[in-house]
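A.B. asks: One-letter residues, chain by chain:
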Amino acid sequence: MADERAPAQSGAEGGPEDRHFGHADRREHAAPSISLKADFASNHGTDEATAGAEVVLDVRDVAVYYGDFRAVGGVTLPIRMNEVTAMIGPSGCGKSTMLRAFNRMNDLIVGARIEGLISYHGIDLYAPNVDPVEVRRRIGMVFQKPNPFPKSIYDNIAYGPRIAGRRKGLEEVVERSLRSAALWDEVKDRLKDSALSLSGGQQQRLCIARAIAVEPDVVLMDEPCSSLDPIATNAIEELIRQLREAYTIVIVTHNMQQAARISDRTAFFTTNVNGGKRTGELVEFDFTDKLFTNPGDQRTEDYLTGRFG
Amino acid sequence: MASTLLDPKTKERVRKQISGGGVDWRGTTFVVALLCALLVTLAILVILVADQLQLGWSVFTERLWDFLNGSLRSQPDDPLIGVKQGLVGTFWIAVFTIFLAFPTGIAAAVYLEEYAPRNRFTSFIDLNIRNLAGVPSVVYGILGLTIFVQQLEWLTKGPTLMAAGLTISVLVLPIVIITSAEAVRAVPQPLREAGYGVGSTKWEVIRHHILPYAAPGILTGTLLSLARAVGEAAPLILVGAITGRLASEGSFVDLGQLTERFTAMPIVITTWASRPQKEFIPLAAAAIIVLLLFVLVLNATAILLRNHFERKREGR
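Residue numbers (the numbering used here), protein chains in the order written: chain G, 1 to 309; chain D, 1 to 316.
Hints were generated in silico from the structure; no laboratory data involved. Cβ atoms here follow ideal geometry from the backbone N, Cα and C, with glycine treated the same way. Do not take every clue at face value.
[Stated by the list, open to error] Quick partial rundown of chain D residues pointing at chain G, CB under 10 Å, derived from the structure:
| # | residue |
| --- | --- |
| 1 | A37 |
| 2 | R118 |
| 3 | T122 |
| 4 | S123 |
| 5 | D126 |
| 6 | I129 |
| 7 | A133 |
| 8 | R192 |
| 9 | V198 |
| 10 | H208 |
| 11 | H209 |
| 12 | A273 |
| 13 | K312 |
| 14 | R313 |
| 15 | E314 |
[To be verified] Partial pick of chain G residues on the chain D-facing surface, computed with a CB cut under 10 Å:
| # | residue |
| --- | --- |
| 16 | P78 |
| 17 | R80 |
| 18 | M81 |
| 19 | P132 |
| 20 | A211 |
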């Protein structure tokens, strides 16, 4: 009855301790460097190791339509387990639209539909017998502006597991999720306080904790740092690096340096002005360091060097 | 080349413009006008209440309890004359409104806002509901007479308290729907997305997020509807409210009264106010004050509830 799935990576003997990511080991960060190459030199020694990782979310030639309007198309994007996949590109190129298609959030918009195939562990997400509620429990989402429920911190985290049927052990779930989101130490004495009393950065970490409380496989993040100050952004980026060990993360970001800092692979989107209407398309998808140092497409190079965007 | 800003004449002119400052006549007049509108409204309220209070004061000081416990009589100096039967009627009409009109109206509003597709048919329904809110209450009286008193006589037993309760509930239903729909529409989209994002079903999002968030707005709407329900007289006349002597006991808890003849506070007031004997004037004034206090208690309860939900929503 209760959705008690052990996290795939930490093994039977792991347990909650493996997810205690406290503040103690936060690195000192140098001033942000301008050169893209310096940013990921510290991060991506493991690329070759994940080259063969299992594909969790297989996106094959997908396009998203709002009615007759094709918002974004031509997207083939295998999302691999325990990797951070970044989606970058200029405004209006359909990155957020595509992200929302991954967990059927576009169902909320009247007239939205997709073409192509998005399969999750081999199952077509848009098949008629697939329950979008279950999909969203396994593929969670963190939004651009923090949107905690107007409830207590405890109830924010406990809400997801509760409606998934869990009756006991909620306190452990709340503590584990808050520790994983690097928020436990700051709020452990005031779990009953309203979530709205937290700062913006704390609220966003709360939303991340809320998303992982239901133990999803994949966490989708739609520009999670764009409304936060640099210190809070730093904390979230740290968090994403750590969460990668247990989850698969897809992040849409406007900030290409951020993508360079934290992602394993990057997808670059751009807009096509097609008879007066702008549609988005996927240009290139590759290992992050390859994409940033030696992009295959001229448009990618132009965007990265700031010629447009 | 010397900048023109260094020119002493220009300096003086700029200084005058920035700090010399005239009075913002238009702005001030506007504020004064708004304040006057507010004061006029308050003045009307104060004059109304003070006037009736002064007229009915003798009734309160001389025979308060008998007045509250009395019944409809034909002579103003009858020691048994009082408003209890009217209060019973108004009480039960309020109960019907709260337990019939509010749940039905809120449910209809949630359906219209969250489930119904946006097409010409639902726009047509929306337009019709808004029109119904503007229909004169007498028409609802005719509706109540035809349907609740006559067609449904097997249920209501004719021109009874139940028929009156049903009629008034139908009367306020459109207002409840409209105000609740507005409150639900005002729930921010990020809150819904957050709910769906952790795997809530549509019903869970409505029950755990949308309704609590919209509760203050819904309560404001129900508050207004209740005040209207309790103050209506015309439909009650058509449904058969008694203006002369009423045989019923006048008990607040006897459910058997629901299928008996009835009266209500607005009817009592209009009856007494239109009687020729001037001794009825203090009685009518006292009855008005009693009704106002009844509505005040209802409103205060609703406001307390609304403030509670507002505090929860803002996390205080």
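A.B. asks: All hints are to be evaluated individually against the structure, with a verdict given for each.
C.D. replies: Against the structure, the hints:
1. A37: Violated: closest Cβ of chain G sits about 34 Å from A37 of chain D, beyond 10 Å.
2. R118: holds (7 Å)
3. T122: violated (13 Å)
4. S123: violated (14 Å)
5. D126: Given a least distance of 17 Å, the restraint on D126 of chain D is violated.
6. I129: Constraint on I129 of chain D not satisfied, violated at 22 Å.
7. A133: violated (27 Å)
8. R192: holds (7 Å)
9. V198: holds (4 Å)
10. H208: holds (7 Å)
11. H209: holds (7 Å)
12. A273: violated (48 Å)
13. K312: holds (7 Å)
14. R313: holds (5 Å)
15. E314: holds (7 Å)
16. P78: violated (23 Å)
17. R80: violated (23 Å)
18. M81: violated (20 Å)
19. P132: holds (8 Å)
20. A211: Holds, about 7 Å.
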